[in-house]
Amino acid sequence: MKEKILSAIDKNSKLSATDLAIMLGTTTEEITTAISEMEKDATICGYPTLINWDKINCERVTALIEVKVTPQRGLGFDKIAERIYQFDEVQSVYLMSGGFDLTVILEGKSMREVANFVSEKLAPMDAILSTATHFVLKKYKEHGMPLVSTKQDERMLITP
Amino acid sequence: MRNPLSKIVVDMQPSGIRKFFDIVSEMKDAISLGVGEPDFDTPWHIREEGIYSLERGRTYYTSNAGLKELKEEICTYLKRRCELEYNCNNEVMVTVGGSEAIDMALRAMLEPGDEVLIPMPCYVSYHPCTVLAGGTPVVIELQGSNDFKLTKEQLLQHITDKTKVLILAYPNNPTGAVMNYDDLKEIVDVIIEKDIIVLSDEIYSELTYGMKHISIASFPGMRERTIVINGFSKSYAMTGWRLGYAVGPAMIIEQMVKIHQFAIMCAPTNSQYAGVEALKNGDTDVAFMRDAYDKRRRYLLYALRNMGLECFEPYGAFYVFPCIKSLGMTSEEFATKLLLEEKVAVVPGTAFGDCGEGYLRISYAYSIENLKIALERIERFVEKRRK
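Line by line, the protein sequences are chains A and B.
Going by my numbering, the first sequence opens with residue 1, and the numbers climb by one from there.
Going by my numbering, the second sequence opens with residue 1001, and the numbers climb by one from there.
Among the hints, erroneous ones may be present.
Stated by the list, open to error - According to the in silico footprint, chain A covers these stretches of chain B (three or more CB under 8 Å from chain A):
id, region
1, 1010-1021
2, 1026-1037
3, 1311-1317
The hints are simulated quantities; they were obtained by calculation from the structure and are not laboratory data.
Ideal placement from N, C-alpha and C gives every residue a C-beta, glycine not left out.
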């Protein structure tokens, strides 16, 4: 049931417990219990909204930073990742395989702000060997959803 | 000037749906729950394959019965999903949608005077195609009390010496009814004993909820007397590609191919290449869409019952078929008034046969958000009538 609930709300967190119960053929109580359990054990970590900020003339810059680090003895990558993700500007942090170690996705008001963050906060950290910053020019799709207005229904209104 | 027209065509009634379509298309900002096709776009990897076939310059005819590769994939698919085994060389033909296959099969089999049993309410083309092929349609009026399944008794009542073909269409459009193993078992003995050929339209076979589709051709003794029709429109959301197929005994398929080669030549080539991709790599898409339909089905059924409308649980296709007899209106009256007052379009059951009177076909090939708005309006409409 938990998996069913998650796949139902993965792309639409607005569905109410009552609606979910009807759609999944169960009771509202079961849904509520399952959801609060998953909120408690951090299976569900939040309910953000997918926003296309370009639409409201709000200056925002997204950067993807490739970070190479030296893992600290006894702490590994996790401690460094934590030191990085605590910053509010940081949207996502992933541990990577391949040519570098961490992907840090950063959001700032301007390129200067991002540059300052990298040069003053990120790069000087002891464990960090190098960074490579890439700025995002345009976002097309996020969280499995294209950032465009929903397509008009082009079907004929009545068909057999 | 002499009358240029054929009497048989002039006498044919235009589809009841057409009439309603004309009223709906006049209305601005109406919400429609009236379509008989998926709301999903064809999955991208399938569309991409169609584009690639054009890029490669595959713009020529294929052989009449269809691309060999596609026929092979169809056979593999039917074995995998429906436990049906056919020889891809002479027991399969690719058609321009399931509709063409229906027409070809009837034309290949019927002689003047042959009777065709048509359980109604049903898809709109069986009756006219039977007439055009020179057959005599014999309507079996299915009952809401039997969940619109065909029973052994009803079948026996309508069989005469002239009965040749039975058209069976489950999962059903417009009712959403499904006939499971036991339901089919009931009628199989009669069909064999009375030596009837079955035209089994299984276009919605992938859209069953909580149960697996059973093809009547998989029963012992039925394979040699069944033409199975299926296609890509509903399962892979490919209505506009016009791609379907028929499988059956070589003796019948060969004659169908003969008509097809003169009337059609072959199904569209790029659709056929896309069809290969669909059958090879489309299982997860089908499962995803089925799951989405199932959620909406439960939602719609719950909401309609909550309004006090009698509604049997449909286990297939993407339609709910509620009964509105308790409101003292005909289907057409209900549908027309609902459209004018609340701007919601549904299809009157009578568009699918006279015995659809008292019912509506409501499609759930729409997003939950869309269904919600429409259901609120329907509820308001129903409540006004109850006062």
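Okay, the hints, checked on the actual structure:
Interface restraint, the region 1010-1021 of chain B with chain A: holds (4 residues with C-beta to C-beta distance below 8 Å; minimum three). A count of 6 residues in the region 1026-1037 of chain B with a Cβ less than 8 Å from any Cβ of chain A is obtained; the coverage claim is therefore met, three being the minimum. For a cut-off of 8 Å, the count of residues in the region 1311-1317 of chain B with a CB near a CB of chain A stands at 0, and the three-residue condition is violated.
Of the hints listed earlier, the one the structure fails to meet is number 3.
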